[in-house]
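K.L.:
Model the full assembly from the supplied sequences, consistent with the hints where possible.
Heads up: the protein sequence lines correspond to chains A and B, in order.
Counting from 1, position 120 in the first sequence corresponds to residue 120 in my numbering; the numbering is continuous, with no gaps.
Counting from 1, position 84 in the second sequence corresponds to residue 84 in my numbering; the numbering is continuous, with no gaps.
Please keep in mind that the hints were generated in silico from the structure rather than gathered at the bench.
Hints should not be assumed to be uniformly reliable.
Identical chains share a label here; the pair holds if one copy fits it or two copies do between them.
[Claimed, not checked] Subject to a maximum C-alpha distance of 20 Å in a straight line, what follows is the list of computed DMTMM-like cross-link-like pairs (lysine to aspartate or glutamate):
#1 Lys48 to Asp26
#2 Lys215 to Glu266
#3 Lys48 to Asp20
#4 Lys331 to Asp27
#5 Lys215 to Asp178
#6 Lys3 to Asp333
#7 Lys215 to Asp286
#8 Lys215 to Asp255
#9 Lys215 to Glu189
#10 Lys161 to Glu294
#11 Lys99 to Asp20
#12 Lys331 to Asp270
#13 Lys161 to Glu238
#14 Lys161 to Glu291
#15 Lys161 to Asp208
#16 Lys161 to Asp293
Protein chains: 2
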Amino acid sequence: MSKVRVAVNGYGVIGKRIADAVVVQDDMELVGVADVVTDWRVKVALQKGYPVFASSPEAAQQMQAAGIPLAGTLDDLLKQVDVVADATPKKVAAANLEKYRAAGVKSIFQGGEKHNLTGHSFVAQANYATALGRDTTRVVSCNTTSIVRTLGVLKDAGLLKRARGVLVRRATDPWESDHEGIMNTVVPEQHIPSHQGPDAQTVIPELDVVTMAIKASHTTSHLHSWYVQLTRPASRDEILDVFYHTPRIAFLRMDEGIVALNSTLEMMADLGRPRGDMWEVGLWEDNLGVEGDELFYNYQVYNQAIVVPETIDAIRALTGIETDGLRSIAKTDQAMGLLREFVPVATEPVP
Amino acid sequence: MSKVRVAVNGYGVIGKRIADAVVVQDDMELVGVADVVTDWRVKVALQKGYPVFASSPEAAQQMQAAGIPLAGTLDDLLKQVDVVADATPKKVAAANLEKYRAAGVKSIFQGGEKHNLTGHSFVAQANYATALGRDTTRVVSCNTTSIVRTLGVLKDAGLLKRARGVLVRRATDPWESDHEGIMNTVVPEQHIPSHQGPDAQTVIPELDVVTMAIKASHTTSHLHSWYVQLTRPASRDEILDVFYHTPRIAFLRMDEGIVALNSTLEMMADLGRPRGDMWEVGLWEDNLGVEGDELFYNYQVYNQAIVVPETIDAIRALTGIETDGLRSIAKTDQAMGLLREFVPVATEPVP
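P.N.:
This is the structure:
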């Protein structure tokens with residue numbers, strides 16, 4: 001079977017990670033990446049050997065004037081691929097769908113777009129099957145992905161009655177310096193409930209979930225604090241067992257010294273991950289509490305990377321090269337190096 | 001009736017504010033403040049005309065050597081007062097209780113001490129009456145005070161079934177530079193639930209409340225996000241009405257530009273408050289949501305000042321100079337300048 005030919009349109013925070021993740025899959029081929037910028041960002045893509053295309057004719061002129069060796073325009077790229085992962089900024093992406101459809105190319109959008117754009121919102125472990133053969137889907141945002149992964153599995157286990165969460169969001173991405181950040185304050189989101197609850201319901205409609213969001217003065221990813229009412233009293237071990245056996249959720253341990261968002265990221269870097277990415281929901285195991293039918297926990301969402309493996313699975317679902325969601329997840333995770341335990345607990349002393 | 005004679009032991013973040021608040025009450029006299037330091041902090045007290053005492057004989061030697069004009073030691077101070085507000089650091093305070101008792105002086109401790117030290121924990125609007133005539137009580141911590149004020153009034157209105165909150169704490173106090181702060185990260189508290197829920201139950205035992213706490217990278221006070229299950233469906237107006245008619249809760253409005261912790265503090269400074277203090281729970285009115293029997297809201301706790309009016313009321317309760325809690329609250333708030341509305345909503349256009 002020939003490889004699926006993939007384009008990435010928008011080579012930013014998410015797009016560059018999708019490109020790298022496509023490259024390590026043995027059933028996919030990265031045909032090229034498209035963007036509009038002329039600076040270091042596309043130059044690094046060229047250094048990696050990725051064919052670079054211009055996302056628009058106007059961008060092509062500017063990129064050529066800046067000496068960027070172009071493989072063509074987006075139109076040229078679309079003629080050579082089966083599917084495009086669109087990681088362009090909000091508002092740009094929505095206008096692209098018609099272009100992809102006209103070219104007969106399947107498309108995957110990111111969580112900044114509305115559910116209505118594609119009519120389908122995707123989290124691999126929850127609804128891979130309903131994306132099979134569709135021409136387009138939307139991988140939900142980082143926070144929504146984490147909510148669907150964690151609450152979805154509690155629901156599948158018959159344990160979820162309702163969940164109420166507080167999302168402490170990062171001020172801006174670490175590499176930004178555009179004054180969109182905040183400093184020495186906390187900013188509650190104007191609207192309660194925040195949009196992530198309804199967004200999770202685009203994937204699992206019957207989820208009883210409400211979220212509040214606040215923005216804090218840091219750049220090192222998001223933290224979620226959750227109150228979950230269970231359908232019945234459960235033991236702590238039972239809950240941990242459910243999470244432990246779920247892909248893309250991995251435990252963090254305070255007693256291992258992982259006590260804050262930044263210590264997690266230092267561990268990711270030490271694990272040798274590309275860009276120090278954490279693709280898993282990092283759930284604090286020794287911080288999780290159960291009292292009767294109530295469950296409390298905190299987890300960390302690495303916003304720059306958590307949706308990347310989902311996007312890889314979405315490519316397989318739309319193109320149908322793998323019809324089983326769990327097999328796609330396992331294949332993606334194996335190729336990218338996702339872990340079920342970041343630091344395995346030794347059962348025998350090291351000799 | 002003669003004025004109650006008050007001593008403040010420990011002239012730090014809380015103690016200096018208590019001293020200032022005592023001075024503006026017409027039924028109290030600040031006899032002196034005691035501390036152990038020799039630097040600018042006690043020198044400012046001297047500039048204000050507060051008699052300064054040494055908290056210990058060893059401190060007296062050092063303070064005299066540093067040229068601090070002492071009015072005596074703590075023992076001398078205790079001979080001249082009816083009640084002492086103890087705002088010394090944790091562990092120091094507990095050892096002081098026996099000293100106060102031996103001197104026949106009533107005492108008020110702060111929330112860093114355990115409930116068991118005094119056997120009574122105090123929030124004026126909740127349990128003023130049970131403190132009447134006691135020889136000692138503990139004003140609960142800033143976060144617990146805010147919890148008792150807000151949930152207590154919902155309970156009194158017959159509306160509270162249970163409450164689950166997430167506390168986003170400030171890294172350290174603004175004036176500190178002692179490496180106890182954190183930067184560019186979020187630190188979840190190791191234990192869930194956090195101690196504030198049980199602490200609130202020392203004031204209102206039957207409260208069904210659970211809290212989680214995390215520390216964030218800012219110094220501008222605490223933010224609380226709450227999920228409250230009501231005993232019955234209620235309207236948003238009904239809830240706002242309950243909070244509006246409660247002393248020491250005042251509304252913040254995002255549509256007035258108060259969108260974050262720091263904007264609130266700028267408004268407090270503009271209002272001409274001493275040190276820019278906010279003594280009220282600052283509850284976002286236009287951010288509060290109700291869905292059926294569920295209530296969601298955020299509020300701000302200015303940790304350096306919120307317990308100060310409570311301490312003033314505790315002085316009246318222990319000494320019995322006012323037997324009615326609401327009258328004491330009204331008197332304290334009038335003298336200190338607490339507001340029910342920070343920025344009154346104009347009903348008529350300004351001519």
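K.L.:
It remains to establish, for every hint, whether it holds in the given structure.
P.N.:
Evaluation of the provided hints:
For the identical chains of this complex, Lys48 and Asp26 are intra-copy neighbours only, at 18 Å inside a copy versus 76 Å across copies, given an alpha-carbon limit of 20 Å. Taking identical chains as interchangeable, the C-alpha atoms of Lys215 and Glu266 lie at most 20 Å apart only when they sit on different chains, with a minimum of 19 Å there against 22 Å within one chain. In this assembly of identical chains, the alpha carbons of Lys48 and Asp20 lie at most 20 Å apart only when taken from the same copy (9 Å versus 66 Å across copies). For the identical chains of this complex, Lys331 and Asp27 are intra-copy neighbours only, at 10 Å inside a copy versus 76 Å across copies, given an alpha-carbon limit of 20 Å.
Proximity of Lys215 and Asp178 under a CA criterion of 20 Å is satisfied intra-copy only: 16 Å inside one chain copy versus 26 Å between copies. For the homomeric pair Lys3 and Asp333, the shortest alpha-carbon distance inside one copy (18 Å) is at most 20 Å, but the shortest distance between copies (74 Å) is not. Taking CA atoms no more than 20 Å apart as the test, Lys215 paired with Asp286 passes between copies only; the shortest distance there is 18 Å, against 25 Å inside one copy. Taking the shortest alpha-carbon separations for Lys215 and Asp255, only the inter-copy value of 18 Å comes in at or below 20 Å, while the best intra-copy value is 27 Å.
Taking the closest pair of Cα atoms, Lys215 and Glu189 come within 20 Å of each other both inside a single copy (7 Å) and across two copies (18 Å). Taking the shortest alpha-carbon separations for Lys161 and Glu294, both the intra-copy value of 10 Å and the inter-copy value of 15 Å come in at or below 20 Å. Taking the closest pair of Cα atoms, Lys99 and Asp20 never come within 20 Å of each other, the shortest separation being 24 Å inside a single copy and 69 Å across copies. Taking CA atoms no more than 20 Å apart as the test, Lys331 paired with Asp270 passes in neither setting, with 24 Å inside one copy and 60 Å between copies.
Taking the shortest Cα distances, Lys161 and Glu238 sit within 20 Å of each other inside one copy (16 Å), while across copies they are farther apart (28 Å). Taking the closest pair of Cα atoms, Lys161 and Glu291 come within 20 Å of each other both inside a single copy (15 Å) and across two copies (17 Å). For the identical chains of this complex, Lys161 and Asp208 are neighbours both inside a copy (7 Å) and across copies (19 Å), given an alpha-carbon limit of 20 Å. In this assembly of identical chains, Lys161 and Asp293 lie within 20 Å of each other by CA distance both inside one copy and across copies; the values are 9 Å within and 16 Å between.
Checked against the numbered hints given earlier, this structure breaks hints 11, 12; the rest are met.
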